[in-house]
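Peer 1: Sequence:
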Amino acid sequence: MHVVRLAMLFIILTLVVGCGPGRDHFDSAEWKASDQNGRRKVAIDLIDRKLALGKDRAEVIELLGEPDVSESDWIKYYIDSSRFRILDRQFMLVSFDKASGKAMYVTLADD
Numbered sequence: 538m539h540v541v542r543l544a545m546l547f548i549i550l551t552l553v554v555g556c557g558p559g560r561d562h563f564d565s566a567e568w569k570a571s572d573q574n575g576r577r578k579v580a581i582d583l584i585d586r587k588l589a590l591g592k593d594r595a596e597v598i599e600l601l602g603e604p605d606v607s608e609s610d611w612i613k614y615y616i617d618s619s620r621f622r623i624l625d626r627q628f629m630l631v632s633f634d635k636a637s638g639k640a641m642y643v644t645l646a647d648d
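One gets the numbering used here by counting positions in the sequence shown from 1 and adding 537 to each.
If you are wondering where the hints come from, they were derived from the structure by calculation, not from laboratory data. A few of these clues could be false.
Claimed, not checked - Lysine to aspartate or glutamate pairs mimicking DMTMM-like chemistry, simulated, CA-CA at most 25 Å apart:
| id | residue 1 | residue 2 |
| --- | --- | --- |
| 1 | K569 | E596 |
| 2 | K592 | D582 |
| 3 | K592 | D610 |
| 4 | K569 | D647 |
| 5 | K587 | D647 |
| 6 | K639 | E608 |
| 7 | K639 | E596 |
| 8 | K613 | D648 |
| 9 | K587 | D610 |
| 10 | K587 | E603 |
| 11 | K587 | D617 |
| 12 | K635 | E596 |
| 13 | K635 | E599 |
| 14 | K587 | E567 |
| 15 | K635 | D572 |
| 16 | K635 | D605 |
| 17 | K635 | E567 |
| 18 | K592 | D564 |
| 19 | K569 | D605 |
| 20 | K569 | E599 |
| 21 | K639 | D605 |
| 22 | K635 | D610 |
| 23 | K639 | E603 |
| 24 | K635 | E603 |
| 25 | K635 | D593 |
| 26 | K569 | D585 |
| 27 | K639 | D582 |
| 28 | K613 | D585 |
| 29 | K639 | D585 |
| 30 | K639 | E599 |
| 31 | K578 | D593 |
| 32 | K613 | E567 |
| 33 | K635 | D648 |
| 34 | K639 | D564 |
| 35 | K635 | D617 |
| 36 | K578 | D647 |
| 37 | K569 | D593 |
| 38 | K613 | D572 |
| 39 | K569 | D648 |
Go ahead and model the full structure; you've got the sequences and the hints to work with.
Peer 2: Given below as structure tokens:
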């Protein structure tokens with residue numbers, strides 16, 4: 538009897554945990570409307586799903602909005618202004634191929 542109860546409890550807990558909220562998915566409008574801390578929630582999904590790769594600079598800016606810092610072959614979006622990051626701020630970097638002008642990688646890094 539105890540084994541059955543334990544098995545039922547295990548199944549219920551598995552369903553509750555499995556049906557809980559998942560990782561936030563990238564949404565362009567949400568990204569543009571979010572502050573730097575809000576951006577952090579969806580940046581990993583954007584990178585994992587390679588949503589910016591192969592796009593030119595104008596397409597990336599249409600997707601993500603105006604960058605915080607821009608150079609000829611990369612753009613940077615700050616994604617974390619946490620009070621716990623005293624010296625470094627985390628950012629997402631989109632790097633463009635010089636020949637094609639297409640985004641060749643997107644990564645997270647610290648200033």
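Peer 1: Go through the numbered hints given earlier and state which of them the structure violates, listing their numbers in rising order.
Peer 2: When the structure is compared with the hints, numbers 15, 17, 35 turn out to be violated.
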